[in-house]
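Undergrad: The primary structure of each chain is shown beneath.
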Amino acid sequence: MTGLAVDDAAWASAWRRRSPADKLLLCGGLVGCALALPAWPGSVLVGLTAVVLALGPARVPARTFGRAVRWPLSFIAVGALTSVVTVGTGGLGWAPDAAARAGSLAGHALAGSAAVLLLATTTPMSDLLPALRGLRVPAAVVEVAAVTYRLLFVLLASLRTVREAQTARLGYSTPARGWRSSGALAAAVLTRSWDRARRMQEGLAGRGMETGLRVLPEVLPSSRAFLAASVAGLAAIVAVGLAA
Amino acid sequence: MHIAEGFLPATHAVGWTLAAAPFVVHGARQVVIEVRERPENTLLLGAAGAFTFVLSAVKLPSFTGSSSHPTGTGAGAVLFRPPVMALLGTIVLLFQALLLAHGGLTTLGANAFAMAVVGPWAGYGAYRLVRRLGGGLLPGVFAAMAAADLATYVTTAGQLALALPDAETGVAGALVKFLSVFALTQVPLAVGEGLLGVLLFRTLTANARPELERLGLLAAAPEPTR
Chain A
0 MTGLAVDDAA
10 WASAWRRRSP
20 ADKLLLCGGL
30 VGCALALPAW
40 PGSVLVGLTA
50 VVLALGPARV
60 PARTFGRAVR
70 WPLSFIAVGA
80 LTSVVTVGTG
90 GLGWAPDAAA
100 RAGSLAGHAL
110 AGSAAVLLLA
120 TTTPMSDLLP
130 ALRGLRVPAA
140 VVEVAAVTYR
150 LLFVLLASLR
160 TVREAQTARL
170 GYSTPARGWR
180 SSGALAAAVL
190 TRSWDRARRM
200 QEGLAGRGME
210 TGLRVLPEVL
220 PSSRAFLAAS
230 VAGLAAIVAV
240 GLAA
Chain B
0 MHIAEGFLPA
10 THAVGWTLAA
20 APFVVHGARQ
30 VVIEVRERPE
40 NTLLLGAAGA
50 FTFVLSAVKL
60 PSFTGSSSHP
70 TGTGAGAVLF
80 RPPVMALLGT
90 IVLLFQALLL
100 AHGGLTTLGA
110 NAFAMAVVGP
120 WAGYGAYRLV
130 RRLGGGLLPG
140 VFAAMAAADL
150 ATYVTTAGQL
160 ALALPDAETG
170 VAGALVKFLS
180 VFALTQVPLA
190 VGEGLLGVLL
200 FRTLTANARP
210 ELERLGLLAA
220 APEPTR
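Heads up: the protein sequence lines correspond to chains A and B, in order. Under numbering that gives the first Met the number 0, the residues of the first sequence are numbered 0 to 243, in order. Under numbering that gives the first Met the number 0, the residues of the second sequence are numbered 0 to 225, in order.
In short, the hints are calculated from the structure, not lab data. We put the beta carbon where it would ideally sit given N, CA and C, even for glycine. Treat the hints with caution; some may be incorrect.
[What the hints assert, rightly or not] If you want the ones that stay clear, here's a sample from chain A, every Cβ over 12 Å from chain B, calculated: (1) Ala-20; (2) Arg-58; (3) Ala-167; (4) Pro-220; (5) Arg-223; (6) Ala-224; (7) Leu-226; (8) Ala-227; (9) Ala-231; (10) Gly-232; (11) Leu-233; (12) Val-237; (13) Ala-242.
[Unchecked claim] Here are the computed distance ranges between Cβ atoms for each label pair: (14) B:Leu-183 x A:Val-218: 43 to 51 Å; (15) B:Leu-183 x A:Gly-205: 48 to 56 Å; (16) A:Val-218 x B:Val-186: 49 to 57 Å; (17) A:Leu-219 x B:Ala-219: 44 to 52 Å.
Let the hints inform the model, and build the full structure from the sequences given.
TA: Structure representation (structure tokens):
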């Protein structure tokens, strides 16, 4: 358990051993379809495909998927609603095609979010970061991102521990105490992050690894059947989306 | 406030990605130079990125009764400077999209432009202005964190207004709409984040003064005379 439900789901997913490139092709294709195809039926097909694949073959817990979708859902609802309210000389009103416009916007966004979530809940970040090298991102930048990924769980654990201790000492019993505790919490996490980085560096330097934390990337072979099914499925979505 | 995946049309998503790219590439170059000259700083930069991510998990008691989360880019701009924050902020946004489902991949460029470019530069500008006018570290930090938050929110509202203009009043009307709707959460958050910054740096001044001196935020204390 890492403390981040999406990351936990990615490590436990039935698609964990699949090649990240294969999953990137499928999810990237779905994101592209969600963006480019008309909301009806394109976005609906993309959204359904992403949800069915996640909850079916990838075996992502429905609760994790549902809870993760809640975050973008609130932004999408507020944003879509705001976009179809008109501000005119007569005050507020609805745009002429309000329902269709809001539905289309929410459809594109929900389908795209589901497709990104399919990737996120099946592929741990440590599998995706080496793929950035393929996009010609400098090694130093990928390494900084990898250290960020590894350290954030340590810092999240520190955050929870310190907050628990503060709460037990009634640190959040009044708003004023809550503010003071939040400031102390952020400072504790920052100084701990510096301390962790310094200690890791000293540990690595002691082992002769002067250039940072290098690890051997796991080799996850590509599957021709998965690729063929992905391309066929995406082609079908595009065909239906454009024909309708 | 991150724009969700699929919320922007493809042309806008590409346009904002191109707008953010020079700043992020510049930040990446700075990081590459830093790592080449001082490889040991790789871990410090990683720690800075992780701190920015984790800061967004600190709950702020909200004035409206609920709780909200800081963006942390103002503190990052003061501590690590805006060019580095352009890259670290983009990495954090990528992680937030893939670990928390906040934001998205096609909207990463737009979110990076607002939160990793405009926010840190506005925050750092406010910090430098306050310090130049004779303000101390804490007023400077308050200004930096509040300005970074407000600038991010105004930029995001502008991006949404450009993508979704009002049927009657166009982009200007849409901007007023998005600014008004998101002001309910973002203006209190900006003030709250400024306060958090003051409390954070007050604790750091007491407990981590050498680190703040090394980062150039505080003048080195004179050696005690014997």
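Undergrad: Each of the hints needs a verdict: does it hold here or not?
TA: Each hint, compared with the structure:
1. Ala-20: holds, 16 Å
2. Arg-58: Non-interface label stands for A:Arg-58: nearest chain B Cβ at 18 Å, farther than 12 Å.
3. Ala-167: holds, 16 Å
4. Pro-220: A:Pro-220 clear of chain B: closest Cβ-Cβ about 23 Å, beyond 12 Å.
5. Arg-223: holds, 26 Å
6. Ala-224: The claim holds: A:Ala-224 sits with its nearest Cβ about 26 Å from chain B, beyond 12 Å.
7. Leu-226: A:Leu-226 is indeed farther than 12 Å from all Cβ atoms of chain B, at 20 Å.
8. Ala-227: For A:Ala-227, whose nearest Cβ neighbour in chain B is about 24 Å away, the distance exceeds 12 Å, so it holds.
9. Ala-231: Nearest chain B Cβ is 23 Å from A:Ala-231, so the label holds.
10. Gly-232: holds, 19 Å
11. Leu-233: holds, 16 Å
12. Val-237: holds, 15 Å
13. Ala-242: Fine: 21 Å to the nearest Cβ keeps A:Ala-242 off the interface.
14. B:Leu-183 x A:Val-218: 43 to 51 Å: Check passed, 50 Å falls within 43 to 51 Å.
15. B:Leu-183 x A:Gly-205: 48 to 56 Å: holds, 53 Å
16. A:Val-218 x B:Val-186: 49 to 57 Å: Because 50 Å falls inside the window, the suggested range holds.
17. A:Leu-219 x B:Ala-219: 44 to 52 Å: Since A:Leu-219 and B:Ala-219 have Cβ atoms about 51 Å apart, the given range 44 to 52 Å holds.
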